[in-house]
Amino acid sequence: MSLPWVEKYRPRSFKDIVNQEEAKYKLASWICRRFRAPDAFCKAWAKVQAKEVEGAKAVLLAGPPGTGKTTLVHALAHEIDYEVVELNASDVRTSERIREVVGRGLREGSLFYSGKLILFDEVDGLNPKEDLGGLDSIVDLVETARVPIIMTANNPWDQRFRPLREVSLVINVRKLDEEDVVEVLRRICNAEKIRCEEDALRALAKSSNGDLRAAINDLQLFAEGKGALTVDDVKRIGERNPQLSMFEVLDRVFRARWFDEARAISFTPSFDWEQFFAWAVENVPRVYKEPSAAAMALDRLSKADIILRRIRTTGEWELMPYMTELMLAGIALVPDKPKLPRFFKYQFPQRITLLAKSRESRRRREAVVDYLARELHVSPSYVSSELMRVLSVVAKKNPKALEAIGRAVSISVKDVEGLL
Amino acid sequence: MSVGELFWFEKYRPRSFDEVVDLDEVKGRLREFVRAGNMPHLLFYGPPGTGKTTMALVLARELYGEYWREDVLELNASDERGINVIRERVKEFARTAPVGKAPFKLVVLDEADNMTSDAQQALRRIMEMYAATTRFILMANYVSRIIDPIISRCAVFRFPPMPKELMAERLRYIANKEGVKLTDDGIDAIYEIAQGDMRRAINLLQMAAAAEGVVNKDSVAAVASAARPSDVLEVFNAALGGDVEKARERLRDLMYIKGIAGVDFLRALQRELPRLQLDDDAKAAVAELLADVDFRLAEGSDEELQLTYMLVKLAAIGARAKPTPAPRRK
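Chains as they are written, first to last, in my numbering: chain A, 1 to 420; chain B, 1 to 330.
Chain B on its own, in the form it takes in the complex (with noise of 0.2 Å):
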């Protein structure tokens, strides 16, 4: 089995624009594209999970055929060391000239929000540098973290959240393809925790196949619950009861051993907060706490030091949240 059909979300990943259930605007309009053979640069924006990288991926099937691979460039911009890396790549891909049929060769720049702006002007540049023999598609989450002079030069596609009719529809149609039984309680339970996002849904129904053979409410709880971070809730719940020893140690092991970066550590975190066992007051301090070292690990150099500061503030609230014994009447 390769990989490809091992993941769900990629094996039922659409290939065409006809398997693509929704967004019907976009696909209308990038059909054009494909019709007149040229393109301008696109921006698609919107939360995860809601097809960008599956539209980008269909569009270049559509212009170059089977070896769209050839004439395609993914570059993640969180990932890539620094703008100068992507303009390296840039250059040495744009040297060659397409092999499809489509005079342009496409790169597939995914997360530009996360870039600096002075790195998305030196993009912007660098665009304008290869515009005669490549197309962009810039994909980011919030529109709002691009320049206006990228926004400007570009075609922007808005991906909103998936509705659920269209969701369901989608799972039902995997489910059957899988010979999995999904029941109705299953997709509500699915799309309570998933909201719009495609990718975390069909993650979601294959976790719960997976491990209960059947997808119900009760089964996509379970995985759900089991898909919760419990390294992360034990991490936390050791420092709010005052073990900052013993959650310093699980920390090490997820940073160290499992390689998990001290953000992704915080934001899982972040997520669990409005379902963890705790009062109100609590709760806000270490949303607030959470914000704080968010802030930290960004402007600072040392993760498992700022994870600490956080450890040993979490045991500080924890020690505060305590309900304190009532005095002893006579």
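Isolated chain A, as found in the complex (with noise of 0.2 Å):
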């Protein structure tokens, strides 16, 4: 598989970030003003003077996806001659670890150089029902480590982020122009030497909304391997709206080519994992219609819904991610996965339509099987599973049987004859 262009194309200094001009001011004066950095870069990019700016004790990097947060952490790394050491807010929870890579960092240099820098992505990214015990610990690490601690998030500004916000110097990094996506897009395509034309890169752009690896991901989809990117070829995107529907969601995920791309979905705000384990159950088997891939997809939902069970009974909620990461990156990425139509009709979990459905009766048979149980002095599951075969062999020759087990449960001869 050739490399996801989003990749390929990432920039790797401050100034190959396009439009980004005020985040890197900020973030280059944090840097400069508390930690070592080469004179060069510091001339160069750091032009703020702010109190705010020389107090913060972190930076927390915030902005829509795909507007290049995490590019400008790597970039800064980069430019300074740093290594970035990626933490996700579930690894904090197991402190030692943090304080094994800090620590150790601390110990191999001066005072304020410690050559490493901390990554928290994605904070506000894990599910809001996620005990918030991750991100007290950050803060605590903020306030003492001494190496620089960089975090992003999408939204930043709700309530539950405050303390981190206290601690932080917020900066902004905004969504990007389509003038902004369009200009990279014509970038790589000539750097890939595929001729697009201008509307089609225009379409992708407006699609995208600002983010830009979504952009460069559909461009990808759509152009890599050809001479020639035309209007019609993109006419199939739809607009991307933030507000997924579960098909959408459905569709990305069985669409996602990456790894990442896959579990980027996850941090949707309006991803429900709940829910997507009913839809995901539903549509593996229609999607992979060879059995091996479908098994393996399975496989690993079925591994993540065993996740899933333990962190509900124990509240282990650093396991997270390894759900999240088999649901989606697992059920996605299989061996010689089959190309899907360009509309592929997805099927609305049957499960919630068959319990809708037979509510009443698993009733009715609830009612026998636990008055047999009682009368019969055995367990329902040995009613359920033995003695419901035996009264429909019992009762075929002999329909009365079951009077004196419809007047024990109140309900008709009829009702009785059909649970069996």
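Everything labelled a hint here was simulated from the structure, so no lab data went into it. These figures come from a predicted structure and were not determined experimentally. Just so it is clear, CB atoms sit at the ideal spot from N, CA and C, and this is done for glycine as well. Check the hints yourself; a few may be wrong.
[To be verified] Reference excerpt, derived from the structure (chain B facing chain A, CB under 7 Å, subset only):
#1 M1
#2 I257
#3 E303
#4 Q306
#5 K313
[Claimed, not checked] Below, in silico cross-link-like pairs of lysine-lysine (PhoX-like), each with a Cα-Cα straight-line distance of 20 Å or less:
#6 K400/A - K283/B
#7 K396/A - K246/B
#8 K15/A - K57/A
#9 K11/B - K177/B
#10 K357/A - K258/B
#11 K414/A - K258/B
#12 K414/A - K400/A
#13 K246/B - K11/B
#14 K8/A - K193/A
#15 K246/B - K258/B
#16 K246/B - K397/A
#17 K397/A - K181/B
#18 K345/A - K357/A
#19 K339/A - K289/A
#20 K15/A - K47/A
#21 K57/A - K8/A
#22 K396/A - K414/A
#23 K8/A - K226/A
#24 K345/A - K246/B
#25 K206/A - K175/A
#26 K289/A - K246/B
#27 K217/B - K181/B
#28 K397/A - K164/B
#29 K397/A - K414/A
#30 K345/A - K289/A
#31 K217/B - K164/B
#32 K289/A - K357/A
[What the hints assert, rightly or not] Over the 10 Å line for every Cβ pair with chain B, so calculated as not near, a few chain A residues:
#33 L87
#34 E122
#35 E143
#36 R160
#37 E178
#38 V231
#39 D305
#40 E325
Once you've looked at the hints, go ahead and assemble the two chains, each given alone in its own frame, into the complex.
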């Protein structure tokens, strides 16, 4: 598989990052005031002098998806020759691990130069149902650590991030204009030697709604391996709606071609993983007709479900990333993945329909089973698995046999018969 | 007709020590308890259909007489929602004095070996807390799954599978009472399937009699195959043949309409495995899969998900097991 273009064309230096001048100046100023950085870099970029910049113990990069927050951090590290240590919020609860990484970093270098920079990506990306212990640990860490700590978030304005905002310099990474996006796409077209129609790029940029990563992914999807990209090629993409329906979420997952692409779906604000399980079970066998592919995808989904159960019973929320990665990337990426038709008709989970339809008969059945279990001194599961069968054979010759049962649980003989 | 008469295994469940045809040693010791008017906690263990419940009920009748139900609390560890529910029910039950002549009440707890060891520890404390007023009879398939502190507090009784001669005797007795013709090869056929499980044997007798009128080798085979969970096999065969959609439709019908629990479905399939038309390699693969899915059902939360995994894996096994056509020669 070829390299994802978002990786291949990810800017490595500050000057290659388009149209985020203010964010770059602030970030550079902060790092140059508080940590060791090359003079040339600081001279070129550290142009902001403000108390809030100098006083901040950490940086929180805030901005919509695909605007280059993570790219900024990596480019910065590259410019000042630091190593990025990427952690996620749930790692923090295993605080030993942090102390290990940070502690070692401190010992290795001088007081303010450890050679390491800590990145917490998507601090708000964890599920809202997650407990917030991780955030507290990050705040603690920010208070005490002497290495640069940079966090990213799509939306840090939620009440629960206040402690984090208070110790951080919040730098806004702006949503990209259509022009910015078109410009980047055009550069990629040139580098890939693909003749791209201006209108096609504009359509991609428009639908990306300022998400450069999405736009580049779409471009690769439509243009890779072709000599030209026309506006017709890109017609089928709809607007990228931030409030995705389950159909759209599924479509994104099944069309994802890279691990990060699939995994990132869990960060969309509307992603509801509890619902997602039912939808995924329903549709994996429909999308993957090849049994071995379906088996691999469902194997991973099954493991995600086991992890979910563990999280629920033990409260080990740090297992969450295993679950989301298995349920998204795990089903998106199978060997010899079939090519999806342009419009795949996903199925609404049948179980929801069935459960609603059968509620009454299940209630009746339960009443009969409980009654028989009590009267016959056996367990309900024995009644279900054995005695209902005996009853059906006996009742065929002697329908009157069911009368006593019907009377006892107040349902008609016909309804009892219907359960057998 | 009451439900107690509808099912023969209940209708002919022994009501006194004398009616129990085997287990002489157990009977002897339990009689002593009745005579003394006192007893320790009891633990009955053995495979299904060997008389554990029957013996507990017989003991209750002998202890309390006609109104035994007043003084007996029957619980099933698998069904009660956790140890707290069991504690509450025992507490409520133990509040009042026994009605019958025995100086204690009786708690009969079935499937005690399905409790976690933590729950069993809690159970042990409950047993001690109400020791002045209640005695427990714990029932289990496997004594090895009962924690030592409980075993050491109980008189332990083993219930072996019922020997063929005694089973035959009892089956003849019932057939005679019901006016059903039962042949020797019918008995052989029933024993072949039920082994030492008396309850299963009587169910087979009743089904064969109801369906065919006479109980012989053929009629037993007919109900045994009809009694084979054909729905379960249908799901299995569809999946193995690669029709996952059909298999899933049937499976959902069983789960959501018929209310079959995932694990019961799986175990029914497991019982059929030796008789399936499959090459041995595929059988071994299926056996491994069933064990794996059983584990996943226990550890996971979404039964349909776990069983759907099983269906597609079966399809994958089926695809491999299919004979590849030999290359055509010129």
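How the hints compare with the structure:
{"no.": "1", "hint": "M1", "result": "holds, 6 Å"}
{"no.": "2", "hint": "I257", "result": "holds, 5 Å"}
{"no.": "3", "hint": "E303", "result": "violated, 10 Å"}
{"no.": "4", "hint": "Q306", "result": "holds, 6 Å"}
{"no.": "5", "hint": "K313", "result": "holds, 5 Å"}
{"no.": "6", "hint": "K400/A - K283/B", "result": "violated, 43 Å"}
{"no.": "7", "hint": "K396/A - K246/B", "result": "violated, 28 Å"}
{"no.": "8", "hint": "K15/A - K57/A", "result": "violated, 25 Å"}
{"no.": "9", "hint": "K11/B - K177/B", "result": "holds, 11 Å"}
{"no.": "10", "hint": "K357/A - K258/B", "result": "holds, 12 Å"}
{"no.": "11", "hint": "K414/A - K258/B", "result": "holds, 15 Å"}
{"no.": "12", "hint": "K414/A - K400/A", "result": "holds, 11 Å"}
{"no.": "13", "hint": "K246/B - K11/B", "result": "violated, 40 Å"}
{"no.": "14", "hint": "K8/A - K193/A", "result": "holds, 15 Å"}
{"no.": "15", "hint": "K246/B - K258/B", "result": "holds, 17 Å"}
{"no.": "16", "hint": "K246/B - K397/A", "result": "violated, 31 Å"}
{"no.": "17", "hint": "K397/A - K181/B", "result": "holds, 17 Å"}
{"no.": "18", "hint": "K345/A - K357/A", "result": "violated, 23 Å"}
{"no.": "19", "hint": "K339/A - K289/A", "result": "holds, 11 Å"}
{"no.": "20", "hint": "K15/A - K47/A", "result": "holds, 15 Å"}
{"no.": "21", "hint": "K57/A - K8/A", "result": "violated, 33 Å"}
{"no.": "22", "hint": "K396/A - K414/A", "result": "holds, 13 Å"}
{"no.": "23", "hint": "K8/A - K226/A", "result": "holds, 18 Å"}
{"no.": "24", "hint": "K345/A - K246/B", "result": "holds, 18 Å"}
{"no.": "25", "hint": "K206/A - K175/A", "result": "holds, 13 Å"}
{"no.": "26", "hint": "K289/A - K246/B", "result": "holds, 13 Å"}
{"no.": "27", "hint": "K217/B - K181/B", "result": "holds, 12 Å"}
{"no.": "28", "hint": "K397/A - K164/B", "result": "violated, 29 Å"}
{"no.": "29", "hint": "K397/A - K414/A", "result": "holds, 15 Å"}
{"no.": "30", "hint": "K345/A - K289/A", "result": "holds, 14 Å"}
{"no.": "31", "hint": "K217/B - K164/B", "result": "holds, 16 Å"}
{"no.": "32", "hint": "K289/A - K357/A", "result": "violated, 28 Å"}
{"no.": "33", "hint": "L87", "result": "holds, 29 Å"}
{"no.": "34", "hint": "E122", "result": "holds, 26 Å"}
{"no.": "35", "hint": "E143", "result": "holds, 38 Å"}
{"no.": "36", "hint": "R160", "result": "holds, 27 Å"}
{"no.": "37", "hint": "E178", "result": "holds, 42 Å"}
{"no.": "38", "hint": "V231", "result": "holds, 39 Å"}
{"no.": "39", "hint": "D305", "result": "violated, 4 Å"}
{"no.": "40", "hint": "E325", "result": "holds, 17 Å"}
Hints 3, 6, 7, 8, 13, 16, 18, 21, 28, 32 and 39 from the list above are not met by this structure, while the remaining hints are.
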